[in-house]
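S.K.: Throw the hints in and build the complete structure from the sequences for me.
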Amino acid sequence: MNLKKERVTILIAGLCIGAMSVALVLLGNPANMGFCIACFIRDIAGALGLHQAANVQYLRPEILGLVLGSFIMSLGAKEFAPRGGSSPLLRFLLGFFVMIGCLMFLGCPFRMILRLAGGDGNALLGLVGFTAGILVGVFFLNKGYSLKRTYRQGVLEGAAMSAIQLALLALLIAAPSFIYFTQAGGGPGANHAPIAVSLIIGLVVGALAQRTRLCMVGGIRDLVLFREWKLLLGFGAILVSAFVVNLVSGQFAPGFAGQPVAHTDGLWNALGMMLVGYGCVLLGGCPLRQLVLSGEGNADSAIAVIGLAAGAAFAHNFGLASSANGPTQAGKAAVLIGLAVVTLIAWTNTFTGKKEK
1 MNLKKERVTI LIAGLCIGAM SVALVLLGNP ANMGFCIACF IRDIAGALGL HQAANVQYLR
61 PEILGLVLGS FIMSLGAKEF APRGGSSPLL RFLLGFFVMI GCLMFLGCPF RMILRLAGGD
121 GNALLGLVGF TAGILVGVFF LNKGYSLKRT YRQGVLEGAA MSAIQLALLA LLIAAPSFIY
181 FTQAGGGPGA NHAPIAVSLI IGLVVGALAQ RTRLCMVGGI RDLVLFREWK LLLGFGAILV
241 SAFVVNLVSG QFAPGFAGQP VAHTDGLWNA LGMMLVGYGC VLLGGCPLRQ LVLSGEGNAD
301 SAIAVIGLAA GAAFAHNFGL ASSANGPTQA GKAAVLIGLA VVTLIAWTNT FTGKKEK
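Numbering (my numbering) for the sequence shown: 1 to 357.
Derived from the structure by calculation, the hints contain no laboratory data.
Some hints could be false.
Said to hold, decoys possible - For each label pair, taking beta carbons as the anchor points, the in silico distance ranges come out as:
1. Leu124 <-> Ile173: 34 to 44 Å
2. Phe351 <-> Gln52: 18 to 28 Å
3. Ala159 <-> Phe226: 29 to 39 Å
4. Tyr151 <-> Gly121: 38 to 48 Å
5. Leu267 <-> Arg152: 38 to 48 Å
6. Asn325 <-> Gln52: 38 to 48 Å
7. Thr343 <-> Val248: 22 to 32 Å
8. Ala174 <-> Phe351: 48 to 58 Å
Said to hold, decoys possible - Cross-link-like lysine-lysine pairs, in silico, BS3-like; alpha carbons within 27 Å at most:
9. Lys332 <-> Lys230
10. Lys78 <-> Lys5
11. Lys230 <-> Lys5
12. Lys230 <-> Lys143
Computed from a prediction, not measured in an experiment: that's the story for all the values here.
Heads up, the beta-carbon is just placed ideally off N, CA and C, and yes, glycines get one too.
M.R.: Written as structure tokens, this is what we have:
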């Protein structure tokens, strides 16, 4: 595929994904949260009992579909390639702290764009911090940062993450008593589109993201490193189409105060997303990209996703997650610790140790 065709493809994909994300809100998902990777992984963690925050517990079909869509598309394109073994514990830690940053801001890079499209001015400060974090990460990339090579794995290893999504889908449909669901009116976890619609949109987004390599972090990184803007084009298209659908449907509400599932502490919105951008550069992609790669058979990305889920559980069990009232003191400390840990990982994997040939 030539560069011009790639840009057209990613533009069309972004327009579709943005429109579908707002459609999910119109069908029942929380406002400005039609498709949030971090929020939905947090909800899944709650549904499995990994945290007890009763207002955010639901087995989100969008996440299950996203991984399965990537898996199916990669099989069809002969791009399913089981691999792993590249610093798995460090990837877990990076995923963990990326989620801490997301729950400080109350959203992943994907939701940041959707919040902007809905008129949430707080997301502008998140974008500033996010970009700053990516630039710090790019500094280490330029100096030789690496989590070392991956190795070929067995088919079972590569397909395990997709199999887990099928198991979770079965649990969602069966709704056994040991799965937790937010009760109607009890919070964001109770707001969701119909299962079938959410699953289908998840499958489509997973397939499109797999084909286009869609990644917000990768877009800014590639623009800085290579002056290549095609990945950013995709998120620009998401922003535009989501904005238009919000405007037409009456969902657009510009301002800072009173935005849905958001707070107005600009400093910590910026620092939270700085941690997200920084950690995701070191991981090699945003939470959306990690899920897509896990569907392609990348066990290292699957470990990062498990780290995201662990971070969500830890944040809600120990009062680190923000709310509409703002960040907690414990959450602020966790973000600062996260920035320190991520910097330690970046430094040691750039300037110390014997370089791998």
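S.K.: Take the hints in turn and mark each one as holding or not.
M.R.: Going through the hints against the structure:
no. : hint                          : in the structure
1   : Leu124 <-> Ile173: 34 to 44 Å : holds (40 Å)
2   : Phe351 <-> Gln52: 18 to 28 Å  : violated (42 Å)
3   : Ala159 <-> Phe226: 29 to 39 Å : holds (33 Å)
4   : Tyr151 <-> Gly121: 38 to 48 Å : holds (46 Å)
5   : Leu267 <-> Arg152: 38 to 48 Å : holds (45 Å)
6   : Asn325 <-> Gln52: 38 to 48 Å  : violated (19 Å)
7   : Thr343 <-> Val248: 22 to 32 Å : violated (44 Å)
8   : Ala174 <-> Phe351: 48 to 58 Å : holds (51 Å)
9   : Lys332 <-> Lys230             : violated (35 Å)
10  : Lys78 <-> Lys5                : holds (20 Å)
11  : Lys230 <-> Lys5               : holds (10 Å)
12  : Lys230 <-> Lys143             : holds (24 Å)
In this structure, the earlier hints numbered 2, 6, 7, 9 are contradicted, and the remaining ones agree with it.
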